[in-house]
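*Asks:* Make a model of the complete structure from these sequences and hints.
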Amino acid sequence: MLVPLYEAVHERLEVGPGTRLLGLGCGSGLALLTAASRGAAVTGVDTRVPERLALARERLLPESRGTRARTDPRIVDGTPRTRPPLPGNPGTTW
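If you're matching positions, the sequence shown starts at 1457 in the numbering used here and goes up one per residue.
Since the hints were made in silico from the structure, they are not lab data.
Treat the hints with care, since some could be wrong.
[Stated by the list, open to error] Distance windows between CB atoms, simulated: (1) Thr1499 <-> Glu1519: 11 to 21 Å; (2) Arg1504 <-> Gly1472: 26 to 36 Å; (3) Val1505 <-> Leu1478: 14 to 24 Å.
Positions of the beta carbon are idealized from the N, C-alpha and C atoms, including for glycine.
*Replies:* What follows is the structure in structure tokens.
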């Protein structure tokens, strides 16, 4: 149901090779998948739901992305407690 919406948005924004897309709150990665299948380099960030991140990683495997995909996607757990302390301030995280 959301795929046609994502495809229309990516078409309108001319997402394709040379596009770099950062998906904050990427969830299961469906929007990233449609962008990656158009050749965009994608990075997804989400927090606290390992199952969604796992699904996003699975969706973005090379065989799922199609032949236009040019770069390896990155899916990142953005939960603040998983980040190292900021330099110069050991009590603060990202």
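*Asks:* For every hint, state whether the structure bears it out.
*Replies:* Structure-based check of all given hints:
1. Thr1499 <-> Glu1519: 11 to 21 Å: 20 Å, holds
2. Arg1504 <-> Gly1472: 26 to 36 Å: 32 Å, holds
3. Val1505 <-> Leu1478: 14 to 24 Å: 18 Å, holds
In this structure, every one of the numbered hints holds.
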